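Starting from the structure of chain U, add chain L where the hints point.
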Amino acid sequence: MNPLNLKNNALFLSCWYERSRPVQIICFGILILSIMLLTFMSVSTHETRPEVIWKSLFYVIVGLQGVVLLVQGTLFAGHMGSRERTSETLDFHRNSPEPITAKVFGLIFGSTWFEWAVFFILFVLELPFVLLPDINITQILLLNISLILSGIFFHTSLVTISLLSTNKKRGSSLGALLLFVFLGGPFFFYYLTTASSPFFSHLFGLTAFQYIIVDKTIQFSGSFYTFEFPLIVMQAIVQIPLFLLMINGMKRTFCMPNSPAWSKIDVLCFCGFLFFMITGFFMAGYSNLDQILANRTRHGFYPYSFEGFFRQEAYLYTFLYVGIGIMISFFCVPSYFKRSKYVVLSKKGLIKNRVMFDDGATSLFTIISYAFIGGMFLIPYIMTAKCSTLSGMTSFLLLSSNVVAFGGFLEFFRLGRFRNNKIFLITTMLVWWVFIPWMVFLMLGYNVRDNIFVASISPLSGFSHAVSLLIDKHPANLVVLVVPFFIASLMWILARQEHSSVERQAGFGTSERRKDS
Amino acid sequence: MSIVEVSQLRVDYDEVTAVNDISFNLERGKVYGFVGPNGAGKTSTIKALAGILEPKQGTIILNGYNLEIDREKALTHVGYMPDFPPVYENLKVWEYLDVFAAAYGIKAEERPNHVEKWLEKIDLSIKKDSLIKGLSRGMRQRLVLAKILEIGPNILLLDEPASGLDPIARKQMRDLLKEASANGATILISSHILSELSEFVDSVIILEKGNLVLAGTIDEIRKQIGGIQKLVIRFSKEEEGLVVFEKLLISEGISKECVTREKSKYIVHFQKSDEEASRFLNKLISNGVILAECSIKNDDIEDIFLKVGAKEVS
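Chains as they are written, first to last, in my numbering: chain U, -2 to 514; chain L, 284 to 597.
Everything labelled a hint here was simulated from the structure, so no lab data went into it. Keep in mind that this is a model prediction, so the values were computed, not measured. Mixed in with the good hints, there may be bad ones.
Straight-line C-alpha distance at most 25 Å; calculated SDA-like pairs for lysine to any residue [as the list claims (entries may be wrong)]:
{"#": "1", "chain 1": "L", "residue 1": "K375", "chain 2": "U", "residue 2": "Y14"}
{"#": "2", "chain 1": "L", "residue 1": "K400", "chain 2": "L", "residue 2": "D353"}
{"#": "3", "chain 1": "L", "residue 1": "K410", "chain 2": "U", "residue 2": "W13"}
{"#": "4", "chain 1": "L", "residue 1": "K375", "chain 2": "U", "residue 2": "I23"}
Here chain L stands alone, though its shape is the one from the complex:
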């Protein structure tokens, strides 16, 4: 069952249409990557879902409630995190978490323990009584992450959450998000760091110039756009191997444009089917070629995005 239903969403800023009639559904407990270049409409969509931007038209249903009609019920378990963490500079760290725990209905007597627990989770217990204005950007980002996770969200809307975080903090954030997802939260996460998304998203939504270009699991999208597999090989004896390799390319009808070279590695791009790459590899080995290294890779989000983006532009 869909926990987020978006239909014909349109967001305008004066004469500019940021999001143009997009529709999609998000399933409970899944992680969705929101991908697109700058100005694609990712932030506007996320803000509209978070109820902080009025759509020009369209319907948004969160947790089964229409955001426009039952705003308070729809937003009960929705966490939103923008790229730049909004904080009260003159509040202490624990006070900040306490304020937003109150906003989401956690009772006053439960809040001290609740806040302690989350401060420990984000490693900020030591800074509990420090003013927020003394925190680094990474710490603020973690604090805001704790702010949205402490409410036990069903839906998490994250707009570039990893910007400003160091690698350790990124890993910590990924772990927290995985935990939230395991607890049944649906996560919509936009990021420019596509490799980061690849690791833990179930599905991807690709936006381009305010339009939804593609949506689905990575496998589905790969099939939809003519999935690419890459065969990466390094010959043990390059001269001998290369002769067989070139003959095989001709006999299999693979053009030279499908082959690229990175230092001593040769990469063959296959576009017809998933088995094509393994069949070619078997033939290569059965023809006596000794390989020092070989691997078959599916497209990651970055490859898909680049391909789809290129198509859109052309």
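Here chain U stands alone, though its shape is the one from the complex:
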């Protein structure tokens, strides 16, 4: 079946029928026309120059395009995704013989057909504005291509996430949450160390503004490693692989309902992609790094002064941070796939090993890959830093303790008994542990840096402090070192308790069965 044959695409039709009610269409049409008319009337009351009036109208149309496609379209994509899950009609589509590609295509474009239709109508309305002096056809085309790329990426992401977020199968939803924690980790770390990255600008499609901003006060970079790409190409390089990742997750949700949405290979590829992109943007900044740093006195919480690009001791830190990569892979990443109540029980011989999560099984190759990726993430920063061996070691210990604490935290929740509200609890605990200490400081106006021994309770500050130690600006503080280890110990005590509890329950189950037999 051809996925583009929309007349015979069931998921497309189901969305089409629901969203093609005349009242909805007419009301929305009136709304769009009213906004345009009001803009025209409002501008023309105080402006006599026709080109300014028409230009204002052009910007309103562009704005409407963005809002309709990226905001309303994304919301509807999410809504239609969760409709499939909550009404359980998703099971009917899983059971149908339609090709997976047709299902994925039908849901993504069916849920947003109305927004796409409005988008293309507005695109046609934009074309006559090329007659205005400052607007040309290339500008309009690039803007629209950029919005289309972002639209497809946003809609696909929201459909996939909504299919997972309301998932009734516990394994998948928890898996998805943990996956997002892992996926969020590198972003988060990256944000702390290299704020205002061009990566996010491309990811969120902000580069589209470049095509309509006339005064060019906002500049976006297309620099990548030693290349200079057009912005639209750079946006495609960032968004398309992530779009494919989302599509893969969606496909697996359709045909592998009780497996994680992404296989371990998917996650590995994603991490590799992130490393490739982040390093690419970072390296591209080398040529004018001094200039950038001169204009940026604060970086995250700490002032950075990159004094040398390459140090002789770089190999030492490379070694240390590959060590951190191994720790991450050992304590955190396998938790997603391997450590669970099921594993505890199977070790007791009560359950045979299951095939279901085979693609998530931990192997030596996977651990080495994660170690490599984990280590490589940090190398660019290490190589540009200048610090003493003591600071380097302290930084390493701090980062390690945070990784161990996070591993313990995951283990605790993977083994936890409180199932129904597990997602709620995991979120609450993360918020308390990660954000609250940090937010209290911000709200009270205290300087996090001067009170780092308290702030280091939160890994948010702990990580940041560990990285800042690399530039030799802060003396090592014993309290700062002890606090994360204390947190790590606490997390592992909790995890151990859950482990024992599962074993006790397993033992109880066995004796009961024996009695029965």
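For chain L alone, kept in the frame of chain U given last:
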């Protein structure tokens, strides 16, 4: 030839094994009752067959195709109906049928007539343009039944399909299923209402705690478990009849535990052979006992299930 072949199927939910290494085959055009208490693994098995639950291990072959390898071909003519009907609340009745007709490859130009035909069959023509959210549960159930029958299925997987239906709708559903079966569809139907299944199933598969306990035609199972026949009698003159009856029980070596009484009726349970009950009845009549009522009944699914279930538990 088997249209459904299940071998060593196992379904796990985390640490719980819902279905444990079960194997069975379903023949073309036959109706199978899927019986078992709550938590026996019926729904998990049906979901695994419908391709909406991944088995931990085992092979499922539908229409000659391996579900894991040739998913789309295997599911081409498979209809699945869960106990609670999943519907799009904001779609109209005809739109719902149209959507799923499209999912099973019925062409756009053929669909309007097709949908009309099925709406008439399930008596929902009058509600054609109503939103589904305004339908009662019974109507929704009928709509979902039409959804799975409209595709001309070879295999029908029905999980408690009659729940929520009134007696008239149940009869209507039975008639539709009989028609589908007559057209060559294989039906696997799970139900708690065992008397309902008795009327039209050819064979029964009994599950207990995820294990397949027994499978076969009702007669085969009856023989397998030591078939039971019940002789139900009511004496015209109870006092006189009872004297002869008790003597005959002793002479035939039937213990008092095999006899139960329901008001004025006496029920004798025979476990050795099918002829035992009729031989006893002949002797009773030849000894001059006048009977106001008599009947010989074979075990129905309910009796078999209770017996097998009791054995399993003990």
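Here's how the hints hold up against the structure:
1. L:K375 / U:Y14: Holds, at roughly 8 Å.
2. L:K400 / L:D353: Status violated; Cα separation ~31 Å.
3. L:K410 / U:W13: holds, 20 Å
4. L:K375 / U:I23: Holds, because 20 Å separates the two Cα atoms, which is no more than 25 Å.
Taken one by one, the earlier hints fail for this structure only at number 2.
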